[in-house]
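First to last, the sequence lines map onto chains A and B.
Count along the first sequence starting at 1, add 1206, and that's the number in our numbering.
Count along the second sequence starting at 1, add 853, and that's the number in our numbering.
FYI, nobody ran anything at the bench for these hints, they're computed from the structure.
A virtual CB, placed ideally from N, CA and C, is assigned to each residue, including glycine.
Careful, some of the hints might be misleading.
[To be verified] Residues on chain A that point at chain B, a partial pick, calculated with CB under 7 Å: (1) Arg1285; (2) Asn1293; (3) Met1324; (4) Ala1326; (5) Leu1328; (6) Thr1353; (7) Arg1358.
[Claimed, not checked] Within a straight-line C-alpha distance of at most 27 Å, the following computed DSSO-like cross-link-like pairs (lysine-lysine) qualify: (8) A/Lys1252 x A/Lys1357; (9) B/Lys1637 x A/Lys1333; (10) A/Lys1357 x B/Lys1347; (11) B/Lys1637 x A/Lys1263; (12) B/Lys881 x A/Lys1310; (13) B/Lys881 x A/Lys1333; (14) A/Lys1310 x B/Lys1573.
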Amino acid sequence: MWLQVRLSEVCLFLQAMFTLACCFSDMESGPIATSGSVQPNGDRFKIEGRAIVPGVKTQDWISSARVTVEGEEYIGFLRTDGSFVVNDVPSGSYVVEVISPGYKFEAVRVDITSKGKMRARLVNFIKTSEVIRQPYPLQLRSSGPHTYFMKRETWGWTDFLMNPMVMMMVLPLLIIVLLPKVVNTNDPEMRKEMEQSMNMLNPNPELPDVSEFMTKLFSGSKSSSSKAGQDEGNRMDEDEDEGTEVFTKRKLESNWDRYKESEKDGPSDDTPTQRGTDYHVLLESAGKEYMTCSFEMA
Amino acid sequence: MYKSTSLFVIFLSLFVVSEAVFEDQVGKFDWRQQYVGKTLFAHFDSHSQTSKKLFLATDKNIFASFNSRTGDLFWRHVDKAGPEGAIDILLLHGQDALMVVGDGRLLRSWDTNMGGLNWEAVLDTGSFQAACFVAIQDTVKHLAVLKNAAISLHYLTNGHQKWVENLPDRDTVQYQAVYSGGEEEIYVLGVVPNSHLTIIAYSLEDGEIIKQHYSISVTAVLMCVSGIRAVCVCSLDLEVSPGFQPVLVSSQPHPARSPISEFFLQLGPHHHVLLQLNGDGYTIAPLRDFQPAFLVSFATTGEKTVAAVMTPKNETACAINLFSADSGRRLLDTTVIFPLDLNGGKPHKLYVHAFLKKDDSVGYRVLVQTQDHALTFIQQPGTHTDTGTYTQTLERTHRHWNVHTDTGTYTQTLERTHRHWNVHTDTGTYTQTLERTHRHWNVHTDTGTSTFTLSASLLDIMGKSKKISQDLRKKFVVLHKSGSSLGLFGIDSKSGSILWKHYLENVQPNAVFKLIVQRTTAHFPHPPQCTLLIKDKDTGLASLHVFNPIFGRKSHIALPVLPRPILQSLLLPVIDQDYAKVLLLVDDQYKVTAFPSTKNVLQQLQEMASSIFFYLVRSDQGNLSGFRLRKDLSTERIWEVVLPTDVQKIVAVNGKRPNEHVHSQGRVMGDRSVLYKYLNPNLLAVVTESTDTHPERAFVGMFLVDGVTGRIIHEAVQRKARGPVHFVHSENWVVVSSSCCSLATVVVVVVVVEATHHIYLYRNSKYFFLKVGLPSGAILSLPKMFLDPRRPEVVTEHSREENLIPYAPEMPIRTEWFINYNQTVLRVKGIYTAPSGLESTCLVVAYGLDIYQTRVYPSKQFDVLKDDYDYVLISSVLFALFFATMISKRLAQVKLLNRAWR
């Protein structure tokens, strides 16, 4: 009996406790007001920071800018002094960006722990765990206006002159025109000097000179071509045709043979002296050509 | 290693052909129209007399400032889309605009002068009911915010909360209004339906309840509350139109003073009554009856309060008149005519800005919002001499602030049930061995924009744009849905001006649309023909609207009767004798209706029936099935693919563009062999999303299905990815983008190629560019080169010869690639491209919140002179040469003469 009473008492007590607990819980959920702004938002936090565009007044750019967190998941707007707050953000890791059509800003990753601790670091999409700390509250400094436009190619004298084609044309022309005036070929001393330099270049007098060889080649080919023309009848009407005939491979070979023949004949004559005088004649008559030739070789 | 490759990529990307803009091209052939949405709240800047500012809050969660004289946008702030960014109320006080956002989530104060934020405060939970300014001794210092369960008072200077109080009996009472008349009290009005009203007076200082008043009311009466008393309006002999909920329009010119004692009561759609509360505060007397009257509004300037009433004048115009509020007398010379556009909507709302003229009479400006969401600003004539013209121009700019298409959503929804068709000419030729080259790679962004979303890109041209002539000028049709009316707009691609508009009434709110071009302008004298398929999403019943896209006129063509729900529509390349392409509509019994259905067409269809295939997608069943047309226009099922719905669901199915032109059949590899593209015109790309949304287990799947045989040619799965999925299917490649766990967007590229043949083929320089909409509003023109699955990790001789960029997991995004430079298009829904009359030029239209149109030159302008072509230099050189010859000729003559004399 006593036990029963006791039990019912306990029950009552428990019930009372329960109602009390209910009251308390009610108390907690009821007056939202008293607990202030922290409670209803629970585990919601705010991301704070400041964006600066150096050298630009805030009113010139803030009206077109906004702060996005994780794409468009959360959006904040810039205050008149450039600072911003993004409210109502739960804990997690977010990429915070200031998006402005005019100015560039670097994105920052902000980590919020479940207790509300904040950390800002550089964004790295490949190594997401890499931490390079950034100041928090965020300090975002614009690196200048966006470069949306390509530069037009402008026409300038330097571009024109530095063109390789133009250089190839202009420089030889300059040399042809100017060098003979600079170097006086009629001066005997100068001529001697030149002779010496030529000898230096051509140490072996036995070896045939290039220019001489060329002249011989031309005259020889001419004769050969005339021969060919005779052989083949009346096909050679124009000089141009002759030229093409001359420079075919086969004809060249034959020319080499001819040259060898002349070489064989050579030693009987007094060739070195003969050659020397020939050369001087050549030099006098076509000094300019010689000069260009040497330049190109150099 | 990674660093160096990425550097290399950036270095290489400098030399990649890019569609960049030159600075002098700005605005030359591109235009942007910025829109804001449907106006919810509008305020004139009454801070100073000469202010030209107009503030709007819209249903697109935009707070914008306009120049009221020209309609130009000063600035706008675009908040998050959806209910979280919804603007509940906009109040204006001096230079500050107060705004409650997201059903009472945030309280914001804006500096309207600079367009920046003053402060932002987080409000307590609870759904928002009302807000009002609270003034003490003629200065407004606080804002009271009423929620369904609590009332709070905030300082205007910093948003801090002064006090917050719970409302009594909040389970039974619906609190609806909050009011302050400049005294030390704040009144809250609550209603218990079918029972009584509750009025509670709070102390401004500490939020204590001073008074509480209940008024027992009879059922269904109209109550008017003044101060703490409630006055019954039902005593008056007023008759409310049956089925109409009466609306009360009152005005409180200044929060520090009590509202004016006159108010409007709307008794019917076109019936308003001006009533006056008598001085004793107990009785109400009618001042004037307005019938018919469309809209009424109060406006106050100085000490005078006027009422503006819009009355119908004739079929095409409305008249707006001013009435003195305290007497109900009409003011002389205040009539303004508002032209009613028969094609446009009816007037919906009236905003009046009154001001005192020099002679102390009241002048006013009105902003009329029509049902098509357009705003028209009208100034009273006489104040300016050029009013007439300027209202006109303003109308042009303002008329369609939110012409935006709903096509983005419609492709999403329509695709789920059906889309696209297949016409196959030769089956079974693609049985050659297939070599599948595919690799998945993650694309991340480097700087700037980190969410790399392929918002929509190159999907297809569709019926959106059609040629008007063979030059660069085209016309495109924009659909805009507002309520039950669907607006069709013809827009000139050169200037962006609206050439015509047409409204279709009584369109179901959840209808989906498809725009089909049946005949282009190429078949003179037959007019071009466009067909709009409107389908009710619930019943599946469809209707057709056929119109001429050049003039917007409805074509008088016999339309087919569609008694059954429509599952699929397909446009065949078959043309009738009038050169209109044939549209086939498949109903739920798999019977086919042809439009136009002339004898000629039916005969052609019978001949071609065995080669006409189509497919149906049932997303809810995970079913993809292919059908073939029979000669009697019935169908037979030939294949079926079932994707179990418990694992994944079909998100989108896309075929290729029917008019796609493939320029090169293959690609030359480094070893002189040719990699042939697998160019099956019937290939379908099916994208699925996993039903499991856990970030670790979620995946996005992609199947390539032959639309004729039903064979699955390839399948790919991207793990740890989730929607929204965007993809492009063209030639032999599919690009699928989806968002990955850590924000970055993953792009998967699948290229299907056939076996290689060792033949030398010379290169064809056709460049592809993908248009990508970024969340920042930029439209990125991404060279297809970067989306090549064969990008090597280690550079070899061969890969260098093939111009392959070394692989890098991160995608470089350069601001030079933004084809819309700073003309951002926010919330991009779709991007359409269309070839133009010039081979080198493409037209691009991007739409979302705004519309942006530009031209792009994917392979540079090879067929026109560059726009920086130096005409002056060329002509001056020519002239100089000409004169030089003349002069030298003359000189030579002189010289010859001299020589002859010698």
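- Message: Please list, smallest to largest, the hint numbers that this structure does not respect.
- Response: 3, 4, 5, 8, 11, 13, 14
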